[in-house]
Every structure is written in C-alpha cells, then in structure tokens.
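Asker: As given, the protein sequences belong to chains A and B, one line each in that order.
So the first sequence is residues 11 to 270, counted in our numbering.
So the second sequence is residues 396 to 684, counted in our numbering.
Watch out, some of these pointers could steer you wrong.
[Unchecked claim] In silico DSS-like links for lysine-lysine, alpha-carbon gap of 27 angstroms or less:
1. Lys212/A with Lys27/A
2. Lys407/B with Lys133/A
3. Lys135/A with Lys683/B
4. Lys682/B with Lys156/A
5. Lys133/A with Lys156/A
6. Lys156/A with Lys683/B
7. Lys156/A with Lys209/A
[Said to hold, decoys possible] Label pairs and their in silico Cβ distance ranges:
8. Ala494/B with Gly89/A: 34 to 40 angstroms
9. Asp137/A with Val469/B: 44 to 50 angstroms
10. Ser161/A with Pro563/B: 16 to 22 angstroms
Bear in mind the hints are in silico, worked out from the structure with no lab data behind them.
No residue lacks a Cβ here, since even glycine has one placed at the ideal position from N, Cα and C.
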Amino acid sequence: MVEEAPVAAAAPILSVKDLEISYGGQKALSGVNLEILENEIFGIIGPANAGKTSFLKAINRMDIFTPGMQVRGDITFAGHNVKHLKNVYALRSAIGVVFPLPVGLPMTIYDNVALAPRLRGVKSKVDLDIIVEHCLARAALWDEVKDRLNSLGSLLSGGQQQRLTIARALSQEPILLMLDEFSIAVDPVTTMRIEDVLKELKQEMTIILVTNLVQQANRLADRTAFFLEGSCVEINDTQSLFCGGATDQRTTDYIEGRFG
Amino acid sequence: MFAETALNVRDKKVQGLFRLIFGLMTVLLIIPVLVIMGMLVYKGGSIITIDFLFTAPTDGMTAGGIFPALFGTVWLVAVALLISVPIGIAAAIYLSEYAADNWFTRIINLAIINLAGVPSIVHALFGVGAFVVFFKFGTSILAASLTLAIMTLPVVIVSTRESLQAVPRAFREACWAMGATRWQTIRRVVLPNSVSGILTGVILEVSRTTGETAPIMFTGAVFFTPLLPQSVFDQTMAMSLHLFVVATQVPGVPEELPFGVALVLIGMVLVMNSVSIALRMYLRGQKKW
Ligand SMILES: Nc1ncnc2c1ncn2[C@@H]1O[C@H](COP(=O)(O)OP(=O)(O)O)[C@@H](O)[C@H]1O
Ligand SMILES: [Mg+2]
C-alpha cells in the first residue's frame, strides 16, 4: 500500500502579504507576512499597541468603519483578496469576532443568537430554536440560560456575556473565529471553560487567538506570532517558542515576562 | 485624631451656606410656575365647562366657547408633526448613522443650530413668502403647519440624534462585524433601543408647537371663523391666537374668558409634557445595558 501523505493540514485559509496599516498617515502595523492554516489555532501575543486589534480589523474589513484607517498589502481569505471583495457582508458573516469587552446586544439572549441566522434569512421558529440551543450549548452557556432565554443578553455577567458572544459568533456558521483578548474581563474559571470550548471548535474552524495571556497561547495555539510596536517580530511553533526556541531575543524576553 | 480643627469648622459653615443658596435658588424657580398656575385656575377656572370646550364663540367673541380654536390647534399641530417628524427622524438617522465627519456634515450641523436660533417671527415671514405666496397655498392650515414644521425640525433632529447616539458604538460594531449592513444594524439594534427616547423628544416638541403664535398668525390662523376647517387648504382659528385676540383685541370681554382660554392652552401643554416625562421616567427604570 502506498503511504498516505501526512494529512494535508497545510492548506492556508488566510494569507497576508506585506500588510501595512496606518491611521491618518500614522503607521500602526507594517511588514506583516504570514499564512494561517485551516483548523489551526493561530495565537498572537504582544504588548498593548502592538497592532493586534488593527490586524484583526483589516481581515474582516472593519477598516471601513474606522475613520482614517488605511490598509495596504494583500489579505487573501478562502481564496479571495478581501480588498477587492464586493460583498464584504458575506466576508464578515463568514468570520466570527469576539471582542475584548463582552458585547451582549441589548436584546434577549435568544435574539442575540438568532440575529445572524435571521440576517441570512432563516425565519422558521423551529430552525431558529435548534440553532440557538446548539450554539449556546457549544459555547458552554446553554445550561445556565436555558430557563431564561427571554431575559436581556446585555445584563448577563461578564463571563456569561462573553460566552454569549461566542454563541453568537458560532450562529454565523463561521469558517474563521477571531478572538481579541477575550479573557480580559472574564473570571479565570470562565476563561478555562472558554479555552476548552476553543479546543473543541478547532475541529471545525480556524481560530485566530489574540491574547494578553502568554500562557493562554501556550495552552491553545498551534503556532504563535509575536507582535511588537507595529511589526510581527516572529512566527513560530508554539511549542518551540515556549521551550526556548525563539529566534528573536525580544520574543524570549516577552514570553519570560521581562517586559511588556 | 479626628478632632475638629478650626479649618474644618469653617469649611463646614461654607458648605452649609452654599447649600442654602443653591436650595433657595431652586425654590425661587418654582414660584413663578405656582403663581401663574394659581392665578389661571383662580381667575379662569370657573368658566371652563364641557360647553366652553365644545361650542363656538358668540356675541363678537365676548361669550360662548372655544371649540373652533381647540379643533384648529389640534389640526395645525398634527399636520406640522406629520411633516416634521418623518423628515427630522430621517435626517437625524442619516447624520448619526451614515454621514462621515466632513465639511459637508459640519455645514449641515451648523445650519441646524442656526435654524434652531431663528426667532419665530422670522419663520412667520418666511412662511408667508414661501408657502402662502410662492407655493400659492394661501393662508391655510397647510401653510401654517409647514411653517411650524420648519421651526420644529431642528429640535426634532437634535433630540433624535441624541437618542441615537445614546446607543453605545460597541453594539453597532458587534452587529457590523456579523455581516449586518448599516440599515440592518439600525433596524435591529439602534432603533429598538432609541425609539422611546425619540418619542419623548417628539412629544416635547408637540407641546412647544401648541403654544406658538407668530408663525401661524400670518400663514393660516384667523381672528374668527365659526366654520371648522374641512381640509388643509382652509383657514382655521387656533388657541394661541385666540388667546391673544380675546385678551387684547376685542372690547367687552369678561375678565375670566382670556384666563380660561390660557388655562386650557396650558392644560394641553402640561398633559403632553407629563406624558413625555412619564415616558422618560419609565424608560430610566428599564436599564438595558
Ligand atoms: N481608531 C484609531 N485611530 C487612530 N489610531 C489608532 C486607532 N486604533 C488603533 N490606533 C493606533 O494603532 C496602534 C495599534 O493599535 P491596536 O491595533 O489597537 O493595538 P493592540 O490591539 O495590539 O493593543 C496604536 O498605536 C494605536 O494608538
Ligand atoms: Mg487590542
């Protein structure tokens, strides 16, 4: 029998070439070249103002909503250059986003999760019910809220709201999930639960995990990039990065907590 | 260790003094309101009956009721709102949700602020020139209501825009990031959470419009007509003008008549204001985030 080639996990879902982001002429990020593979968790670490959030915004074309934000270079997502995409709405709905501060929309928990399906035209109550339960369950929130789906999503606790946001992102049926420092306003126990959720989700989608916790990248990410002061210093296997294999001294310093 | 020093004592005295001054000023504020209301009720209360509200003036306006004026004011305000509310809300949504911050929107904002500062008599003259003469509506409810509408437009825009802006931007960004268009975001997130604030502003606006005299005086409201308006192209009597007329223009009016008219007018305004305030209080109790 012919040996099967090692499973080709190697298809890049996202590739970034010479990315440069500036705000009103002020450079925020430049010279980023990377590829993100299907079904990997791609970690991004780095101190504040490194350009991590800007990077995420460029991917789903949220630059349109940010006055003064300019993106140069090429971002290819699922085979399309996002710069030339006419239907940015389809692009965004294929990408789930979780923000640093949990944003439960001021509507019921049910409506929060049913919003994206409704936007794409799902009307039947039965279908919506199934989606809502499924997504909440996958975000490890169903058991806590199943009896009060009609209470306001924006009044849940921070940890619950963050899981609601994840459920909402899942309801988009995304191929890419981008989390921006999701644990900043979340208690450690919830953080752990969400981390478990992410490990599960990895089977079905690609995940970009921007994190303020270096060890979180260590726990979850397959590969990790280190951003610093508007440039991508290093991209490496998470394992080798955390076992002293960093090629750049600044990465080592950051990981070992010597600055940042 | 916690003993009072001379400095503490002085600070406390000063603090008490300021508290007293501010309190007095507040009390001072309600005195005119109480006096006005008291006087109106005292002098005009006796004349108000069901008949007074629902019959026309008689005997050269020295007797009878106020129905044509009451009816006319309701017409004028309703038509004015029908014009200014849709336009005002649409403009506010555009300015708050769509427009970029550039020289064009800055000019529009400047125009709105200036429009709000134009004296009502100037609006009246504009109304005569534009609607009565140029568009040939004649002195009519339509011309008067259009004039009122233009006058109230800036306030509708400003209050609506404030209600829209009270919805945090994070909600919009979360919605956009899910692939929603601007309109979908407005319809599903922004409007449901600001519609009550918008409504409050509009009601407050209605109450202001009710009492306006100058803008309708030359454009559609008349001294006296026993006929009720049949369409927006008819002239009509109006409460504010009627009050002016019976108070100053007609000889031999019994003293309680103008006070009665004023009381009804203020009553209309107060009822609407109370609805608006009640709505606002109800909404405050309903924190959504
Ligand atoms: N809307 C904006 N307008 C102007 N400058 C911005 C804006 N957003 C971010 N920046 C700047 O871009 C740089 C990178 O910011 P950001 O991407 O938020 O970094 P990070 O997420 O790593 O903290 C910072 O210097 C920040 O001040
Ligand atoms: Mg950030």
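Asker: Against this structure, judge whether each hint is valid.
Answerer: Hints and how they fare:
For the given pair, Lys212/A sits about 24 angstroms from Lys27/A by alpha-carbon distance, which is consistent with the 27 angstroms threshold. With a C-alpha separation of about 65 angstroms, the suggested pair Lys407/B and Lys133/A falls outside the 27 angstroms cut-off, and the hint is violated. Between the alpha carbons of Lys135/A and Lys683/B the distance comes to roughly 25 angstroms, so the proposed pair stays at or under 27 angstroms and holds. Proposed proximity of Lys682/B and Lys156/A is supported: the alpha carbons are some 22 angstroms apart, at most 27 angstroms.
Note on Lys133/A and Lys156/A: the hinted pairing holds, with a Cα-Cα distance of about 21 angstroms set against a maximum of 27 angstroms. For the hint linking Lys156/A to Lys683/B, the alpha-carbon distance of about 20 angstroms falls within 27 angstroms, and the restraint holds. Our distance criterion of 27 angstroms between C-alpha atoms is met by Lys156/A and Lys209/A, whose separation comes to about 23 angstroms. For Ala494/B paired with Gly89/A, a C-beta distance near 35 angstroms keeps the hint of 34 to 40 angstroms intact.
A hinted range of 44 to 50 angstroms for the beta carbons of Asp137/A and Val469/B is consistent with their spacing of about 48 angstroms. Between Ser161/A and Pro563/B the beta carbon distance is about 19 angstroms. The supplied range of 16 to 22 angstroms therefore holds.
Violation of the numbered hints given earlier is confined to hint 2; every other hint is satisfied by the structure.
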